[in-house]
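K.L.:
Here the protein sequences line up with chains A and B, keeping their order. Residues 1 to 194 (our numbering) make up the first sequence, in order. Residues 1 to 956 (our numbering) make up the second sequence, in order.
FYI, nobody ran anything at the bench for these hints, they're computed from the structure. Idealized CB from N, CA, C, for every residue including glycine. Possibly wrong hints are sitting among the right ones.
What the hints assert, rightly or not - Covered stretches of chain A (chain B as the covering partner; in silico rule of three or more C-beta atoms under 8 angstroms from a C-beta of chain B):
#: 1; region: 4 to 17
#: 2; region: 30 to 42
#: 3; region: 53 to 66
#: 4; region: 106 to 112
#: 5; region: 115 to 122
#: 6; region: 179 to 186
As the list claims (entries may be wrong) - Computed Cβ-Cβ distance ranges for the label pairs, DEER-style:
#: 7; chain 1: A; residue 1: Glu161; chain 2: B; residue 2: Ala218; range: 58 to 68 angstroms
#: 8; chain 1: B; residue 1: Ala687; chain 2: A; residue 2: Ala58; range: 20 to 30 angstroms
#: 9; chain 1: B; residue 1: Gly143; chain 2: A; residue 2: Ala153; range: 48 to 58 angstroms
#: 10; chain 1: A; residue 1: Ala17; chain 2: B; residue 2: Gln818; range: 50 to 60 angstroms
#: 11; chain 1: A; residue 1: Ala89; chain 2: B; residue 2: Arg382; range: 53 to 63 angstroms
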Amino acid sequence: MADQLARTHPLEAWLPAFAELTGAVRIDAEPFVSMAVLRAARATTGDLRIRGTALPTAPNTWAPAGDGRLIWLGPDEWLLTSPGTAPEALEEELQTLLRPVGGSAADVSAQRISLRLGGPQARQVLAKGCSIDLHPRVFTAGQSTQTALGQAAVVLLALDEDEFAVLVRSSFAGYLASWLLDASLEHADPALTS
Amino acid sequence: MTSTFRTPEGGRVDRSTTVEFTFDGQTFPGHPGDTLASALLASGRHAIASSVKLGRPRGIAAAWAEDPSGLVQIEEPFPEPMLLASTVELYDGLVAHGLPGQGRLADVPDSARYDAMHVHVDVLVVGAGPAGLAAALTAARAGARVALVDEHSEAGGSLLSGTDRLDGAPAAGWVAAAVAELAAHPEVLHLQRTTAFGLYDDGFVLALQRRTDHLGGAAPRHEARQRVWRIRARQVVVATGAHERPVVFPDNDRPGIMLAGGARTFLHRYGVRVGSEAVVFTTNDSAYDAALDLHRAGVRVAAVVDARPEGSPLRAEECRAAGIPVRTGSVVAGTSGGDRITAALVAPLADGEVGRADELACDVLLVSGGWNPAVHLFSQARGRLRYDEVLGAFLPGERLDGLAVVGSAAGLLDLAGCLADGRRGASAALTALGIAPAAEVRLPTAPEPVVPAAPLVLWRVPDASGAEGSTSFVDLQRDATVADLARAAGAGLRSMEHVKRFTTIGTAHDQGKTSGVLASGITAELLGVPVQDTGTTTFRPPYTPVAFAALAGRDRGRLFDPERVTALHDWHVAAGAVFEDVGQWKRPRYYPRAGEDMAAAVLRECAAARSGVGILDGSTLGKIDVQGPDAAVLLDRMYTNLISSLKVGSVRYGVMCGVDGMVIDDGTVLRLAEDRFLLLTTTGGAAKVLDWLEEWVQTEWPELRVHLASVTEQWSTFPVVGPRSRDVVGAVFPDVDVSNEAFPFMTWRDTTLDGVPVRLARISFSGELAFEVYVNAWYAVAVWERLVEAGAPQGITPYGTETMHVLRAEKGYPIIGQDTDGTVTPHDLGMAWAVSKKKPDFVGKRSFARVENQNPLRKQLVGLLPVDRQTVLPEGSQVVDFLADGRLPPPPVPMLGHVTSSYRSAELARPFALALVKGGRARIGDTVHVPVGGTLVPVEVTSSVLVDPEGARRDG
């Protein structure tokens with residue numbers, strides 16, 4: 001058997017710049033996260049549970065599911081993430097669950113990457129390019145939204161008071177990383193920027 | 001220069017620090033807290049520049065953004081044109097000069113940062129004067145989310161410019177306490193130096209914050225110099241105050257003539273006397289404050305000239321006590337002077353007749369014609385304005401949902417009234433939001449207002465000089481006069497919108513803050529109609545000028561437009577690729593070797609793909625996963641050809657049309673399972689096709705059990721192309737029998753590479769034997785490198801989009817959007833074979849029955865071969881008819897069509913082109929002409945398929 005095939009993360013080249021951020025804003029690229037899009041009519045999914053979690057029915061919410069998250073994307077559409085499952089295995093697992101109820105699942109693991117954004121100024125950084133209301137009382141942990149951040153379409157998840165996940169199309173990852181670093185500049189250690 | 005006109009004390013400047021600046025080459029002192037205007041006035045300098053058309057000297061005419069004349073160009077620290085001396089905050093090292101109407105953009109890049117910030121609030125209060133502060137406090141105490149924006153360097157509004165007392169102490173104390181309280185409310189965003197410049201639907205307000213402008217060269221580099229706040233407010237309280245209105249009279253433009261309120265601001269806020277000897281010309285009581293305050297500060301006030309026949313008995317008494325002469329029933333009918341006013345010509349005014357004038361020596365003439373509420377934001381919200389006969393001003397004339405106008409912006413001119421109105425406006429906003437107001441919001445006690453004598457509405461003093469109003473300036477910046485308004489009226493113009501454009505009044509940097517209402521009033525007089533009928537011009541954003549750099553924000557340079565890249569981008573860069581923009585994608589166009597230009601590189605890449613093996617990063621192709629029991633039904637309806645008959649494991653080329661029967665996209669379809677397909681779209685069509693399919697599924701056929709998902713970036717795609725491709729693919733994927741028998745054209749096979757799933761498909765966009773390799777993009781680099789490594793013995797050659805275009809064009813494969821333009825049917829492309837005759841219906845089918853679609857003279861896709869075997873026809877060239885003698889017919893030259901694609905062909909050893917030509921297929925074998933430069937190039941019309949028309953090469 002030849003060498004294990006290597007995986008390449010779209011943001012590999014940005015990791016050192018992320019690591020230089022200190023304090024007020026933190027940016028991290030989550031490593032390879034398997035993702036699958038789930039489709040099923042609400043009426044058919046009654047007591048269906050995905051890794052023990054019911055499909056969120058409230059718009060713009062997410063729920064923990066197994067080692068990942070189950071994210072509402074539309075009335076009949078969800079995204080399941082799982083760092084620990086192989087992409088094709090995740091699709092198969094979900095196909096098995098959903099096909100009997102007329103639903104479907106598709107592997108979209110490489111379609112998006114997941115960024116983590118944290119720190120006391122994280123909301124400020126997001127507010128520079130996101131037009132939705134990010135007030136801590138409005139966009140609370142468990143909320144999600146599909147919106148534009150800068151000029152990139154993203155799925156934004158509130159994980160905690162100062163902690164967010166940003167899912168972005170892989171081809172836009174570099175743009176968004178540059179955008180976020182640029183937006184974080186004024187919160188960076190002045191010694192580094194003078 | 002010394003600050004001869006600086007008062008010994010008072011004002012809000014920091015006298016402990018002196019800064020130096022340069023104006024018109026001369027060095028001046030000033031203090032932090034000064035504006036450029038106040039510092040110049042402190043040194044006795046009024047003149048700023050000469051006027052744009054007439055070259056008349058002009059000076060500082062007001063203390064803030066309403067100044068029509070004091071425009072300057074900043075040179076240092078960074079060149080910036082068309083700023084007002086009255087609004088430029090002073091800093092050390094400022095270099096500026098006066099502008100005669102036009103400035104100069106910097107010829108070096110602006111290295112400052114600009115950005116934007118979104119914020120949502122319950123209540124936005126615009127203006128931090130007494131009404132705005134009262135409103136903000138009311139909303140803040142109720143716990144609402146509040147934004148308070150104000151364009152000055154500090155809060156206070158009119159309180160900074162006067163001697164008002166609140167709760168028995170100078171008003172500054174109350175202002176400071178209010179600001180401190182607001183700062184303590186966690187839900188309050190209080191921004192000074194921030195101008196709300198545009199109000200749009202649903203409480204959306206844009207505000208420009210000047211964050212570091214006032215720091216000059218000392219501004220920190222990593223902070224945005226200016227920020228555009230994008231505020232979404234559930235309720236807006238407009239507390240923007242009022243602008244003083246001048247009166248128009250002959251020679252009213254000399255330096256030293258300014259608004260009375262402005263002079264008072266310079267005195268109280270900046271500690272500057274605007275002159276030594278003043279004449280005050282007024283139509284209302286407010287200018288008496290300026291006269292008395294300046295008198296107390298040591299300015300000799302030669303006279304208060306009050307146009308009202310009775311004047312103001314109460315204020316006249318105060319003047320008498322101070323020894324200031326008051327002339328009632330009088331006007332300023334003219335002035336003398338050069339670079340500075342030297343005298344006002346004061347004359348009685350009775351029954352519209354100006355009497356004999358006296359010359360009153362002065363070095364400043366302070367004018368007040370009343371107050372115009374700053375209704376700009378209300379008007380931008382499309383609020384109707386009402387003309388108030390008493391004030392001679394336009395006021396909000398209706399209630400708007402979600403927007404309250406309070407204080408002097410609503411026409412209130414007394415302090416206690418403004419405070420109460422601010423509280424009322426905020427309370428109403430809270431009520432509308434269902435937020436309970438705090439129990440008691442106590443307002444500070446303002447002195448009992450003295451009821452002023454009724455103002456007189458006087459737009460202009462009749463011109464007794466014989467100049468017929470040609471020196472009576474309405475818009476100083478535009479050099480537009482009463483005579484110009486008379487010409488407009490004489491030319492038959494009645495609408496202020498027309499008058500504005502005819503005279504240019506109100507089109508300068510200040511957008512008519514002083515001139516707009518004057519123009520309406522004077523035009524009404526000239527036409528003999530009520531002012532309400534002339535109305536105002538439409539107020540439009542921005543309220544004050546906003547630099548394009550601020551609007552661009554961070555969307556410049558690399559962030560101007562997102563660059564989308566594939567998983568292999570870094571490999572392409574390392575391989576020396578030259579990139580091409582395809583929409584937002586960066587795609588390798590070609591990979592030049594040392595010494596190669598594009599033509600040479602492309603010929604080499606083409607030759608490799610036709611005779612050996614090449615590899616392309618095709619990952620940008622759109623990909624859509626279609627699943628569900630009705631997937632085949634949907635695709636039969638969306639493609640022109642039959643998809644449902646496709647076997648699992650097979651691939652079919654499909655064409656999609658709009659309802660008009662015109663081609664909108666094309667690509668291959670892989671049947672993955674009975675109920676699952678993978679659709680390939682063009683790179684540019686990916687999002688459009690998914691939306692198109694979703695639109696039909698969601699709005700027309702919701703009964704179809706089918707689900708769509710974009711997987712464009714999920715699957716990296718590499719065509720491995722050429723007669724040796726089988727060797728390479730076979731070597732990398734030994735588990736797959738790549739023989740033609742086991743793996744025929746237009747089929748796909750799944751395999752794995754070190755446990756990673758890979759899909760191979762026999763699809764060719766070049767006519768050559770080719771395999772497309774699909775893999776999860778995580779593994780794109782690894783799989784690509786395996787292929788490149790395995791292909792080394794065969795000389796595998798990475799190729800770019802240019803070679804891809806040549807290869808496909810040689811085969812006559814159209815690029816939708818390049819060889820088509822939305823007016824081309826599949827039949828026009830010679831693809832009648834791709835249009836099903838069996839299917840009962842599909843999108844576009846009905847349009848094919850149109851008579852025009854049967855027209856044999858429709859433009860059809862053909863090949864063109866330049867007869868000289870040399871000329872590469874420029875894409876877009878016209879194909880023309882010519883006369884029998886070979887000359888062009890006279891214009892208009894009949895056009896047969898145009899060149900859509902044109903390349904050099906390594907395979908044909910000559911250039912060739914694709915073109916849409918009228919009745920093209922019937923012309924095959926004919927010679928037509930293409931004008932290139934000045935010459936007519938003869939070209940032979942051929943089939944669009946120029947290489948391997950038999951298709952012998954696709955199986956290797």
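K.L.:
Which of the numbered hints are not met once you compare them with the structure shown?
P.N.:
Checked against the structure, the hints that fail are numbers 3, 5, 7, 9, 10, while the rest are satisfied.
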